[in-house]
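Just so you know, the protein sequences line up as chains A and B, in that order.
In terms of the numbering used here, the first sequence is residues 1 to 295.
In terms of the numbering used here, the second sequence is residues 1 to 363.
What you were told as hints is all true, and nothing was included just to trick you.
In silico SDA-like cross-links for lysine to any residue, where the CA-CA straight-line distance does not exceed 20 angstroms:
#	chain 1	residue 1	chain 2	residue 2
1	A	K199	B	K101
2	B	K130	A	F191
3	B	K101	A	W206
4	A	K199	B	P71
5	B	K130	A	I186
6	A	K199	B	R65
Hints listed in this document are in silico derivations from the structure and should not be mistaken for laboratory results.
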Amino acid sequence: MRPAGRARDIRLAYLLLAPAVLLLLTALAYPVGWEAWTSLTDLSPLKDGSTSFVGLANYRHFLADADFWRAATVTLAYAVVTSAAKLAVGVGLALLLARPFRGRALVFLAVFLPWAYPASVSVIGWYWTLNPPITTAYSVFMGHVKYAVDGALGSGSWAFVSVTLFNIWRGSSFIGVFLLAGINAIPPELFDCAILESKSAWRRFWFVTVPLLKPFLALAVFLSLTTAFADLANVWMLTAGRIVYPVIGTHAYWLAIHAGQFGPASALSLMLAPFLLAILFVVFRMFDPPERKRT
Amino acid sequence: MAQVMMKDLNKKYDEVHAVKDVNLHIRDKEFVVLVGPSGCGKSTTLRMVAGLEEITAGEITIGDRVVNDLPPKDRDIAMVFQNYALYPHMTVYDNMAFGLKMRKFPKPEIAKRVGEAAEILGIQELLKRKPRQLSGGQRQRVAVGRAIVRHPQVFLFDEPLSNLDAKLRVQMRVELKRLHDRLETTAIYVTHDQVEAMTLGDRVVVMKDGWIQQVGEPLELYGKPSNRFVAGFIGSPSMNFVEITVADANGALWADTPGLRVKVPPAIAGRLGAYKGQRVTLGIRPEDLRIAAGSDSADYSFDTVIEVVEPLGSEILLDLKAGPNVIVARVEPTVRAKLHDKMRLTLHQERVHFFDNKTELAI
Chain A
1 MRPAGRARDI
11 RLAYLLLAPA
21 VLLLLTALAY
31 PVGWEAWTSL
41 TDLSPLKDGS
51 TSFVGLANYR
61 HFLADADFWR
71 AATVTLAYAV
81 VTSAAKLAVG
91 VGLALLLARP
101 FRGRALVFLA
111 VFLPWAYPAS
121 VSVIGWYWTL
131 NPPITTAYSV
141 FMGHVKYAVD
151 GALGSGSWAF
161 VSVTLFNIWR
171 GSSFIGVFLL
181 AGINAIPPEL
191 FDCAILESKS
201 AWRRFWFVTV
211 PLLKPFLALA
221 VFLSLTTAFA
231 DLANVWMLTA
241 GRIVYPVIGT
251 HAYWLAIHAG
261 QFGPASALSL
271 MLAPFLLAIL
281 FVVFRMFDPP
291 ERKRT
Chain B
1 MAQVMMKDLN
11 KKYDEVHAVK
21 DVNLHIRDKE
31 FVVLVGPSGC
41 GKSTTLRMVA
51 GLEEITAGEI
61 TIGDRVVNDL
71 PPKDRDIAMV
81 FQNYALYPHM
91 TVYDNMAFGL
101 KMRKFPKPEI
111 AKRVGEAAEI
121 LGIQELLKRK
131 PRQLSGGQRQ
141 RVAVGRAIVR
151 HPQVFLFDEP
161 LSNLDAKLRV
171 QMRVELKRLH
181 DRLETTAIYV
191 THDQVEAMTL
201 GDRVVVMKDG
211 WIQQVGEPLE
221 LYGKPSNRFV
231 AGFIGSPSMN
241 FVEITVADAN
251 GALWADTPGL
261 RVKVPPAIAG
271 RLGAYKGQRV
281 TLGIRPEDLR
291 IAAGSDSADY
301 SFDTVIEVVE
311 PLGSEILLDL
321 KAGPNVIVAR
331 VEPTVRAKLH
341 DKMRLTLHQE
351 RVHFFDNKTE
361 LAI
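Start from the sequences and build out the full structure, keeping to the hints where you can.
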């Protein structure tokens, strides 16, 4: 092609991309940029006078703060534990639902409901499951469980366990349905072919299902980890805003909305970014490995 | 290598009776093709042999073992699927080695067998590639290779050439035939393509609505179809069917309908005697019609008008009208046929078929 024609094509390509780029800039780049800038200041609506640039002071403060490290550890553990559990349960549900059986539609509905309902409704369901509003033998029993767990692991532990279980319950439902879509997208002959070669369901799962599902598994892990890292809604709703166990998400929310410390709160939430980017990188390498050159 | 026996084989899904009382004896080293329109039960039958579908009733024997309750892995069969069923995450080598690996064969043995199969199929250079880097024909070769390495007693082919373009299909057909001559492994091959069935099969099984319609060697099905369905299904373009009345005149039987009146050939007249005065279906293949010459008996000739001319190069197909009846004839490419011209045709009297209108069976 002639250079002039090519230049025109390139201009046209950028022009066609412009609306998408504009949308991304306003919806993503601007807020992130604003947050990054704020994290370097002492911006606060409660403070009189002008906002001053403080450099990396907010970050330094957190790195030296034992509470931050505790919250970071808890957040990391929360993300890893819930993701692993969600994946295990989700894979199980997907495999169960992938084969036809009587009443599959009902089971599918039961699996899908916790996720399909608005979080607030699911939360109340869960809250009443663990903390029944009517006194019965069951509610007494659950009371004992709470005291036993809190007694053994420290106050607030039971609440945190319940948040974790809630996340697993609701998240597995999503991952199960998501992976089911993945399994259904795989041509059935690939499974037929495996059945012809091996009796062991475990070997077939390991050598055929897992590799074929890898893109879906990677995306599921990614979604699960990132939502757990940034989890505010589940924790907040189940514990009614009390900080029973510090995680980064609630911590940042408290700092910003209740304490009005926009600068430190921005820094705190941005400190999650390196973790998330690392996960993103690893997962996308799994999802879409760089192709070797064609021979 | 082994024979395969199907005895009173049935498959029922909730509402659908997919395979009905199939009885079939496939001999050792035989290449048998199951053919029929979609939904005729041919694939289901094959999948029951493989063990991918449960048998509702009946018995399948491979070699001298009843395999009804054997898991697929222990039936000693290998299957080639329509869309190749290659694992996208494995190289060609790993795909071909998959079955042997799952069976825990020692590595050197796997390498030897894969090497041999790759050589037979001419795919040695592709062993390190992933399936997505292969063309359709290459993928199908790999799928066949994966079956070969297992040295099974029976090959099962489920429409293996349907995803290939017409030219490649012909080429692969020849290769499969050559391969069978070389390996002599018993093979059951499912297809909806009657040309594939005729060219590949030692014997062909025509199925419809779950029933076997006829089992026979290709030319037997072509020459002596047992019913109207087989007559119409085998052969391309398909057989012409004209509903006629069996008339008795001048001491002979005549196939009579407006626009067409031909004598019933003496060889068939005896069997058709019982149908005197009744309606039956006359069947004649396009290739068994030719342009009448002066020496041809008027008893077997009739007048037509040309409606459509389809020159195919090696032959010309003519759509003709004999009264209200539409008839296709295949004629030499040198024939100068013009639209709306009149043409007198004569039929090959030894190749006329008659079918009972009610039972559709050949008379």
